Each structure stands twice: as structure tokens, then as C-alpha cells.
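J.: One-letter residues, chain by chain:
There are 2 protein chains.
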Amino acid sequence: MAGPDIEALIRQLSKLPGLGPRSARRAVLVLIKKKESLMLPLIQLLQQAADSVKICGTCGNFDSQNPCSLCLDPKRDRSTICVVEDVADLWALERSAAFRGIYHVTGGLLSPLDGVGPDDLNIAELAHRSEAKEVTEIILALSATVDGQSTAHYLAERLDGIDVTISGLAHGVPLGGELDYLDEGTLSAALKARRPV
Amino acid sequence: MAGPDIEALIRQLSKLPGLGPRSARRAVLVLIKKKESLMLPLIQLLQQAADSVKICGTCGNFDSQNPCSLCLDPKRDRSTICVVEDVADLWALERSAAFRGIYHVTGGLLSPLDGVGPDDLNIAELAHRSEAKEVTEIILALSATVDGQSTAHYLAERLDGIDVTISGLAHGVPLGGELDYLDEGTLSAALKARRPV
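Heads up: the protein sequence lines correspond to chains A and B, in order. For what it's worth, our numbering labels the leading residue of the first sequence as 1, then goes sequentially. For what it's worth, our numbering labels the leading residue of the second sequence as 1, then goes sequentially.
Copies of the same chain look alike in the list, so a pair counts if it fits in one copy or across any two.
Pairs of lysine to aspartate or glutamate residues, derived as DMTMM-like cross-links and limited to a Cα-Cα distance of at most 20 Å, are as follows:
#: 1; residue 1: K54; residue 2: E7
#: 2; residue 1: K54; residue 2: D89
#: 3; residue 1: K54; residue 2: D73
#: 4; residue 1: K54; residue 2: D5
#: 5; residue 1: K35; residue 2: D86
#: 6; residue 1: K192; residue 2: E178
#: 7; residue 1: K133; residue 2: D163
#: 8; residue 1: K54; residue 2: E125
#: 9; residue 1: K34; residue 2: D89
#: 10; residue 1: K33; residue 2: D120
#: 11; residue 1: K35; residue 2: D51
#: 12; residue 1: K133; residue 2: D77
I should point out that these hints are in silico values taken from the structure, not numbers from a laboratory. In this text, all values refer to a predicted model and were calculated from it rather than measured experimentally.
This is chain A alone, in the form it adopts within the complex:
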């Protein structure tokens, strides 16, 4: 009904996370209607990103240069490496502006059920980086899920012989969180880790 070109575009767009077939169809209609202001610039920016984006060989971040601008930034503190599962988490931490060290992206979590073992992740390189003399702390900023925590345990064991402090993110009540909507695990963790006001 809408021509094979449009149908193929809708199918391809609906593969993006957050877009189903219905919203992909709406998006394509808007793209066609706003060809000059929306569609053509989008094509150009996609092409530009496809041409320029590289994976940082040091930390695993996406950037237009390799090593990435974070790894090259002389103002970052090279003594602390923050280990994250995914580039999305790295970006989230950067938005918080609370961390001034450098990162290491594992590219996933260990998951024996899904057949993801240590060799499938960027872990050997982390061990190698941790041995550098300037590194004093490794922060394991992994998800508070079963896979996240078992990956954190594995990493802590793997880095055991190296002279670095290994730490993890604090658990507790999220800012803005209402107590009666929180699960019992978080509440009991927040209670155990209570601090004088």
C-alpha cells in the first residue's frame, strides 16, 4: 500500500529499541513530511557517525577518535578505573559528572546460562590495565542484578593478586525514592549502611 521503499524503511526502523512497527510507521510518515528539515539531515548525521565512530582500544568507549577523548584527557585521574558493563552506563556516569577517573567497558556481564564466559568479555585487558603502577582503585559499577553481582565477584577474584583497592557502588534509597515503593532488599541494604546525619 505504501510502496516497497517505504515498507522496507519501516521494517528497518522498527528494529531500533523503543520503536515498534506502529511507531516506526509514524516516524517514517514524519520523516517523509519533513524531508528537508528532518530526513536529509538525519541521513547525513547517520553517515557521518558511521564513517567516524570508533571503539576506543583502551577503554571500549565509542568516540570519533581512538583512543577516545576521555582516555586522552590529561585532566582525568588515571589512578581510578571505573568498570561498566556497557557504553550506555559510561555515558550515564559522565552525565552525573561525579567521576573524574577513567573507564573500562567490559561489553557485557558474565552469564553462564547464556553462554557468556570471561573470554567473551573485555576482562583480560582490564587485568592488564590494573597492573599499571599509577592505578590504585578499581570501581566495579555493575548492575545490582544477579549477573551483575556475580560478574563483580569474578572480577574481584581475578584482580585479587594486584595491588589495587576494589570497590563497588553503594546500595540504598534512590534520591526522590519513596520508601513504600522500594523493595525489601534495597530497604534492608539502606538500613544496614545507615549513616549519622
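Use these hints to put chain B onto chain A, whose structure you have.
T.: Showing chain B alone in chain A's frame:
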């Protein structure tokens, strides 16, 4: 943090309906990770659509040819024109496969508050098409909103002198709809238009 190319792409993608800044960022991460299987084909399909998609000069549909394949299809019933507000509605009706006539897209609804008058819509052409001898019915398939119904009234008056039947979509209980979730207006319309079982 993610390089200017990536940030610009996220901003452009988040202009699509259904994608906010957060989901656009997720989508861009997936695009970069699946460059070969997702990003490059998407660029190609967008470019193809940008090059080929035309607006049908007869009905207003989007297609790779003008007149569109619906207007050219010899199997469509040329005696009935279904008037819709938007190409999205035309596609929705085509998916229902319940209509075998031809279409007319007005490109919007009359809205005095937003300054949209009859000359801003594709209405003169509809009057012209309705005068063709073969046309016997005009179906006004417009939204059941205030603007939709006032546009339907305007069109009915405008086409008054022409020898065609003017009809509108039936109102009633949507299939699968539960009565106690329906608004009173729909319920009373469904009751008034009740039919013997």
C-alpha cells in the same frame, strides 16, 4: 562525552515521534554496535526513500510513483472516495482491507483556533474530484474529535450541490472494548444506533 558526531545524531533522532532523548541515545548505541547489520542498511533505505517517495497529485498518498499505485490500480472502485485527514489514516484503512475504493487526503483538519482554514487543506481538489460522473459516494473518515466533526460538517456543506451520497464512519463500541471503560458519548451513540442481532 560521546563526541560531537554522536551527540548531533542523538539530537536529530530524538526529534522523531516516539523517541525522547533517552531512547534516542539507546537507539544510537545499538546503531553503532550493529553498524553493518542495522546502521548502514538504514542509511541506504532512508536515502532510497528520500530519493523516490513522491506525494500523489491525485489523492495525496505517499508512494514511489505519482499518481500513486492506489490511484492507478484498475481493480479499485472509482465510484467511492474515502476522505482522510492524514496518510497515516489511509494506511490504517488499507491495513483493515475493508475498503476497495480510492482516497483523498486533506492534509489536516480545519482548526480556527490554530488558524487552519479551508484554503490550507486539500479541499478544492476534493470538490473537483467529486464532480466526476463516476463518483457516487464520499465517505468522510475523519477523527471523532471536535475538529474532525466540524471539518466533516464543512465538507458536507461544501459538497452539497454535487450529486453524491455523503456518509461518515459509524460510532459504537470498538471490537474488544469493555463497556465500563468506554466514555458516555460512545455508549450513548452505540445505544442509539443499536441493531437487531
